[in-house]
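I would like the entire structure built from these sequences, with the hints used as guidance.
The opening residue of the sequence shown carries number 1 in this note's numbering; numbering runs sequentially from there.
Hints are supplied without guarantee of correctness; some may be wrong.
Said to hold, decoys possible - FRET-style restraints, in silico, Cβ to Cβ: (1) A158 <-> D2: 39 to 47 Å; (2) P86 <-> S17: 19 to 27 Å; (3) A41 <-> N80: 27 to 35 Å; (4) Q162 <-> K42: 27 to 35 Å; (5) A81 <-> A41: 38 to 46 Å; (6) L74 <-> L27: 26 to 34 Å; (7) Y78 <-> D19: 17 to 25 Å.
What the hints assert, rightly or not - Once the Cα atoms are required to be at most 30 Å apart in a straight line, the calculated DSS-like pairs of lysine-lysine come out as: (8) K53 <-> K84; (9) K112 <-> K163; (10) K84 <-> K112; (11) K124 <-> K109.
Derived from the structure by calculation, the hints contain no laboratory data.
Since we're looking at a predicted model, the values are computed, not measured.
For each residue, glycine too, the CB sits at the ideal point set by N, CA and C.
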Amino acid sequence: VDVITQNFDSSWRLFDSDDYYDWFGGLYNAANTLKNKSGKAKPDTAFFDIRNKNNYISRTYQEEIEFEIRSMLLNPQYYNALVKTPAGMNSYASRFQNFYASNILGGEKLNKELGNQLADTVVKINSGVTNSQLAAGAQSSTAWMIYMAQQGVWEGDASTVQKLVDTYMQSVIDYGVAC
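So, in structure tokens, the structure goes:
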């Protein structure tokens, strides 16, 4: 397998569902493992956004992950609409889980700057938590960032990672373990 592709032809995006990392990521991981064993380079990847028939867009796996981070997880217009309700906060947290799994299967480390921006965003979102129902999703998003640092997937600054840990612990003190 030299190239693996995925079309986006509906309103679903990469972090909206575990289907993308289950199917595309699983195939990519299997092909990458086989290519590594034979001493060959990783397979090429292409995500084709064909939702606008007048403007098809192609991105590699890593480019798509970074696009999704910037346009969803770091975008205040996107996350502010979600984090005010328990269902929305949990939906935002599920995107963090899908982001983590997509990144792991892609086999790349998270860009340090993007990781630091995500950490700052998660800490900011946690500051608006006012009850245990909101705390569940906020704790989950925070835990995924801490886990990425522990796994070496993101090389966050020690002070930034500590801020995440402190934020998580304060949430647990205030609302109990919610995730």
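Verification of the supplied hints:
1. A158 <-> D2: 39 to 47 Å: 41 Å, holds
2. P86 <-> S17: 19 to 27 Å: Once the Cβ atoms are compared, 20 Å apart, the range 19 to 27 Å for S17 and P86 holds.
3. A41 <-> N80: 27 to 35 Å: Cβ of A41 to Cβ of N80: about 41 Å, so the range 27 to 35 Å is violated.
4. Q162 <-> K42: 27 to 35 Å: 34 Å, holds
5. A81 <-> A41: 38 to 46 Å: Between A81 and A41, where Cβ atoms are some 41 Å apart, the hint holds.
6. L74 <-> L27: 26 to 34 Å: Because 28 Å falls inside the window, the suggested range holds.
7. Y78 <-> D19: 17 to 25 Å: 20 Å, holds
8. K53 <-> K84: 35 Å, violated
9. K112 <-> K163: With Cα atoms ~16 Å apart, K112 and K163 stay inside 30 Å; holds.
10. K84 <-> K112: 28 Å, holds
11. K124 <-> K109: 23 Å, holds
Hints 3, 8 from the earlier list are contradicted by this structure; the remaining hints agree with it.
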